[in-house]
Amino acid sequence: GAVVSQHPSRVICKSGTSVKIECRSLDFQATTMFWYRQFPKKSLMLMATSNEGSKATYEQGVEKDKFLINHASLTLSTLTVTSAHPEDSSFYICSAGGGHQPQHFGDGTRLSIL
Amino acid sequence: QQQVKQSPQSLIVQKGGISIINCAYENTAFDYFPWYQQFPGKGPALLIAIRPDVSEKKEGRFTISFNKSAKQFSLHIMDSQPGDSATYFCAASMRGTNAGKSTFGDGTTLTVKP
Chain W
1276 GAVVSQHPSR VICKSGTSVK IECRSLDFQA TTMFWYRQFP KKSLMLMATS NEGSKATYEQ
1336 GVEKDKFLIN HASLTLSTLT VTSAHPEDSS FYICSAGGGH QPQHFGDGTR LSIL
Chain Y
6 QQQVKQSPQS LIVQKGGISI INCAYENTAF DYFPWYQQFP GKGPALLIAI RPDVSEKKEG
66 RFTISFNKSA KQFSLHIMDS QPGDSATYFC AASMRGTNAG KSTFGDGTTL TVKP
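Taken in sequence, the protein lines are chains W and Y. In the numbering used here, each residue's number is its place in the first sequence (first place is 1) plus 1275. In the numbering used here, each residue's number is its place in the second sequence (first place is 1) plus 5.
Next comes chain W alone, as it looks inside the complex (with noise of 0.2 Å):
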């Protein structure tokens, strides 16, 4: 089946750091794709759609030169979490998919700021 890997599963950096986390198809290639951060025991937050070759759409109240989004190639996407900072600790996951297919979501990146 479709499986979308992402990299790194953990992170732990200081304060000020940038952090890039990576998603990649494996077998499909993804136009689109999905970033959303995770807050303990709380729901799916979407951030950001990522669109190849293109600007990526954020929602709402995201800073977009805060969390960098590119998309470069049908099966990569990068987020980067530019000058890091504890607040910004949290579990971030991306997706591709969607519409009247399922999701296929990555393992999550554990982002801790210290």
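What the hints contain is simulated information worked out from the structure, not anything from laboratory work. On a predicted model such as this, the values are computed, not experimentally measured, just so you know. Using N, Cα and C, we set each Cβ at its ideal position, and we do this for glycine too. Just so you know, nobody snuck in bad clues.
Estimated spans, in silico, between C-beta atoms of each pair:
(1) Y:Glu-31 / W:Gly-1291: 38 to 48 Å
(2) W:Arg-1285 / Y:Glu-31: 35 to 45 Å
(3) Y:Ala-75 / W:Arg-1285: 39 to 49 Å
(4) Y:Pro-45 / W:Leu-1343: 27 to 37 Å
(5) Y:Pro-87 / W:Ile-1287: 29 to 39 Å
(6) W:Ser-1364 / Y:Glu-31: 24 to 34 Å
(7) W:Thr-1292 / Y:Ser-74: 47 to 57 Å
(8) W:Thr-1355 / Y:Lys-63: 41 to 51 Å
(9) Y:Gly-65 / W:Ser-1364: 30 to 40 Å
(10) Y:Ser-70 / W:Gly-1291: 45 to 55 Å
Following the hints, complete the assembly by docking chain Y onto the known chain W.
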């Protein structure tokens, strides 16, 4: 405005019992309704999905019941097992310009006691 409301927030069931989770939606343009299962530290995975042209779909121990007029759908887990203990999310999505963008319920934490 929350477009998909999920209940209960948490559920405890004895092994062998039936687990029932309910969702209600508001937007009649939704036409794809998946359920996802998420284990701690992992991304959600598709469990079962339904389209509004049928009222029920069964896959093994998992059944979705769909009531289009009431704008409600539910997940039934028969013969619940401890391995079913996880967080379950209902979701809804549609064709068109927002294709792929899913709206998620807040999640239900299911605990199946041995």
